[in-house]
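Participant: Modelling step: build the complete structure from the supplied sequences, incorporating the hints.
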Amino acid sequence: MIADNRTLLYLFTQTPLFMKRILTVAAITLALTASAQSRLGNRPGGQFSLGVRTTTSLFSNESGIGTGFGGQFRLRFFELLNSEWFADYITSDVGNGIGNRTDYHIGWSVMFYPGFAYYQGQKGKLQPYFLAGHCFDYTYVEGNDFRENNSMSRWSSAIQGGLGVHYPFHDRIDVSLSAQYMYHLGTEIHPEVRYNSAGTPFLAFEEETKTGLEGHVLISCSMNVRIADLWKNKIKGVQDKKPVEEVQQ
Amino acid sequence: MKKISLVIATLLLAFSLSAQDQPADGPVVKSSLAQMLRLQATITPAWSMSLLTNDTTATISSGKTRVYIHGTSEYYWNERVSMRGDLYFLLVKDGAPGGMKHNHGFQVGLSYHFLKGSNIDPFIGVRGGLNYTQVQAMNLNDGVLTLLNYNVPAHIDPTWAPVAGINFYGQRVFHFFIEAAYMNGTYRPSVGPQMSLEEIRLSAGLGWNFSLYKPVESVRQKI
Numbered sequence: 000m001i002a003d004n005r006t007l008l009y010l011f012t013q014t015p016l017f018m019k020r021i022l023t024v025a026a027i028t029l030a031l032t033a034s035a036q037s038r039l040g041n042r043p044g045g046q047f048s049l050g051v052r053t054t055t056s057l058f059s060n061e062s063g064i065g066t067g068f069g070g071q072f073r074l075r076f077f078e079l080l081n082s083e084w085f086a087d088y089i090t091s092d093v094g095n096g097i098g099n100r101t102d103y104h105i106g107w108s109v110m111f112y113p114g115f116a117y118y119q120g121q122k123g124k125l126q127p128y129f130l131a132g133h134c135f136d137y138t139y140v141e142g143n144d145f146r147e148n149n150s151m152s153r154w155s156s157a158i159q160g161g162l163g164v165h166y167p168f169h170d171r172i173d174v175s176l177s178a179q180y181m182y183h184l185g186t187e188i189h190p191e192v193r194y195n196s197a198g199t200p201f202l203a204f205e206e207e208t209k210t211g212l213e214g215h216v217l218i219s220c221s222m223n224v225r226i227a228d229l230w231k232n233k234i235k236g237v238q239d240k241k242p243v244e245e246v247q248q
Numbered sequence: 000m001k002k003i004s005l006v007i008a009t010l011l012l013a014f015s016l017s018a019q020d021q022p023a024d025g026p027v028v029k030s031s032l033a034q035m036l037r038l039q040a041t042i043t044p045a046w047s048m049s050l051l052t053n054d055t056t057a058t059i060s061s062g063k064t065r066v067y068i069h070g071t072s073e074y075y076w077n078e079r080v081s082m083r084g085d086l087y088f089l090l091v092k093d094g095a096p097g098g099m100k101h102n103h104g105f106q107v108g109l110s111y112h113f114l115k116g117s118n119i120d121p122f123i124g125v126r127g128g129l130n131y132t133q134v135q136a137m138n139l140n141d142g143v144l145t146l147l148n149y150n151v152p153a154h155i156d157p158t159w160a161p162v163a164g165i166n167f168y169g170q171r172v173f174h175f176f177i178e179a180a181y182m183n184g185t186y187r188p189s190v191g192p193q194m195s196l197e198e199i200r201l202s203a204g205l206g207w208n209f210s211l212y213k214p215v216e217s218v219r220q221k222i
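Those sequence lines, one after another, are chains X and L.
Numbered by numbering that gives the first Met the number 0, the letters in the first sequence go through residues 0 to 248 in order.
Numbered by numbering that gives the first Met the number 0, the letters in the second sequence go through residues 0 to 222 in order.
It is possible that part of the hints are untrue.
Derived lysine-lysine pairs resembling DSS-like cross-links, with alpha carbons at most 27 Å apart [stated by the list, open to error]:
id: 1; chain 1: L; residue 1: Lys63; chain 2: L; residue 2: Lys100
id: 2; chain 1: L; residue 1: Lys115; chain 2: X; residue 2: Lys122
id: 3; chain 1: L; residue 1: Lys63; chain 2: L; residue 2: Lys92
id: 4; chain 1: X; residue 1: Lys124; chain 2: L; residue 2: Lys115
Not everything, but these chain L residues come out facing chain X in the computed CB check (under 7 Å) [claimed, not checked]:
id: 5; residue: Trp76
id: 6; residue: Asn77
id: 7; residue: Val107
id: 8; residue: Leu109
id: 9; residue: Gly127
id: 10; residue: Leu139
id: 11; residue: Asp141
id: 12; residue: Gly142
id: 13; residue: Val143
id: 14; residue: Asp156
id: 15; residue: Pro157
id: 16; residue: Val190
Hints in this document: simulated from the structure, not taken from any laboratory.
We treat Cβ as the ideally placed atom computed from N, Cα and C, and that holds for glycine.
Facilitator: Here's what the structure looks like:
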């Protein structure tokens, strides 16, 4: 117990400010989710949705605004807890037209619907949510001139968190808009703009061995269609909150 | 006078609405677009917008008109919201150096329909997708070296487009449509200059529609 307290004390005194904030928000969200969960039951559990998304990438270190396309599926665990499993393909400009950056993301996010603003999927009501998750990604940056060795790539992992909102148009479909910040944890890529003897700019890369934090904002707009209820009627008495005896009769 | 006009308009509207709901002889008639699938294909002209947006790569796209085969399938979840998929295939290649050689793509998206129970169906929507693009071989020059007739590689790039249009349902299984999409995206080859894919695509023609609601033979049967 003493060790646990020391660990907590260490976490709250030594971690950077943003981590403290993330931990606080996560703790509050979890508490709200858990309290509301007991009131509302877990009826929508098992809902499975398929969707497509367009993503805009902003504020990346050396690249411009990126646009992307991807897909996702959602598996809802409980009334207030959903999950999103996505893949994105994003391209953006580097160095004002002299290079390209391509990002491939594959990852997942957990979505929490806050109990104080939960509308049970009512049509036409905006449903806000928090999301946090993890992602694997591959980044490829290249100069578009015809020199050799003008590209660099890396595999990395990332964590992301943010806010979103669903707009259910129909019983089965919704449009969602989310904004999240994604931190990449891996080797840095730092292309440099250099000039040849004629004054034409080109991208140059140097091998980076150190790891660092690099992040960007992702704004995603998605359309999702609920196509199945994966554990409907399989856990009778739990899903619909009826006593097991009554269901058996 | 104003009041009389309003009363007449209301009566006419009420009559037309009640007439829509009355079943005709034979199979059940449904005067709604809900659960309808429509398919359409047409030849689509497109105008590059690069010059209008001060794009420096306009030397490649040159603001030229392009022509596509455009196929659409759209499903109406209800009278307000539909989901659609679109395919574009570049029909006429530009043979000039750096001219458009391939520009094919697909997009999926949602549309919102403004009117319920009407034969005129104006809508707006947004779509996202991917494009496969390549330009003709061209000379590349970085001020020191020049590569003659360089085969610029193809590339797949994300695109998106807002779309607006009107459908007219006047016949049993056919409808007329006219719509415009503003395509957004950038061609980013691994070697060679980037190129804006911004263009306005205008599609019009006859489409085929049928209802997936079982008891109905056609969506607009009694019209």
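Participant: Do the numbers back the hint for Leu139(L), that is, is its least Cβ distance to chain X under 7 Å?
Facilitator: holds, 6 Å
Participant: Hint Val143(L) vs chain X: min CB-CB distance below 7 Å?
Facilitator: holds, 5 Å
Participant: Is the hint on Gly142(L) kept, meaning its closest Cβ partner in chain X is under 7 Å away?
Facilitator: Constraint on Gly142(L) satisfied, holds at 3 Å.
Participant: Can the restraint linking Lys115(L) and Lys122(X) be considered satisfied, given a maximum Cα separation of 27 Å?
Facilitator: Holds - the C-alpha atoms of Lys122(X) and Lys115(L) are around 17 Å apart, at most 27 Å.
Participant: Was the hint right that Pro157(L) lines chain X, CB cutoff 7 Å?
Facilitator: holds, 4 Å
Participant: Does Asn77(L) hold up as a contact with chain X if the rule is Cβ-Cβ below 7 Å?
Facilitator: Given a least distance of 6 Å, the restraint on Asn77(L) holds.
Participant: With a cut-off of 7 Å on the beta carbons, see whether Trp76(L) makes it to chain X.
Facilitator: holds, 5 Å
Participant: Per the CB criterion, is Val190(L) less than 7 Å away from chain X?
Facilitator: holds, 5 Å
Participant: Given the hint that Lys63(L) pairs with Lys100(L), test it: the Cα-Cα distance must not exceed 27 Å.
Facilitator: With Cα atoms ~13 Å apart, Lys63(L) and Lys100(L) stay inside 27 Å; holds.
Participant: Closer than 7 Å between Cβ atoms is the bar; does Asp156(L) clear it against chain X? Give me holds or violated.
Facilitator: holds, 6 Å
Participant: May I ask you to test the interface hint for Asp141(L) with respect to chain X, counting a Cβ-Cβ separation under 7 Å as satisfied?
Facilitator: Holds - the Cβ of Asp141(L) comes within 7 Å of chain X, reaching about 5 Å at its closest.
Participant: So, as I understand it, the hint says Val107(L) touches chain X; can you test that by seeing if any CB pair is closer than 7 Å?
Facilitator: holds, 5 Å
Hint check: no violations occur; every hint is consistent with the structure.
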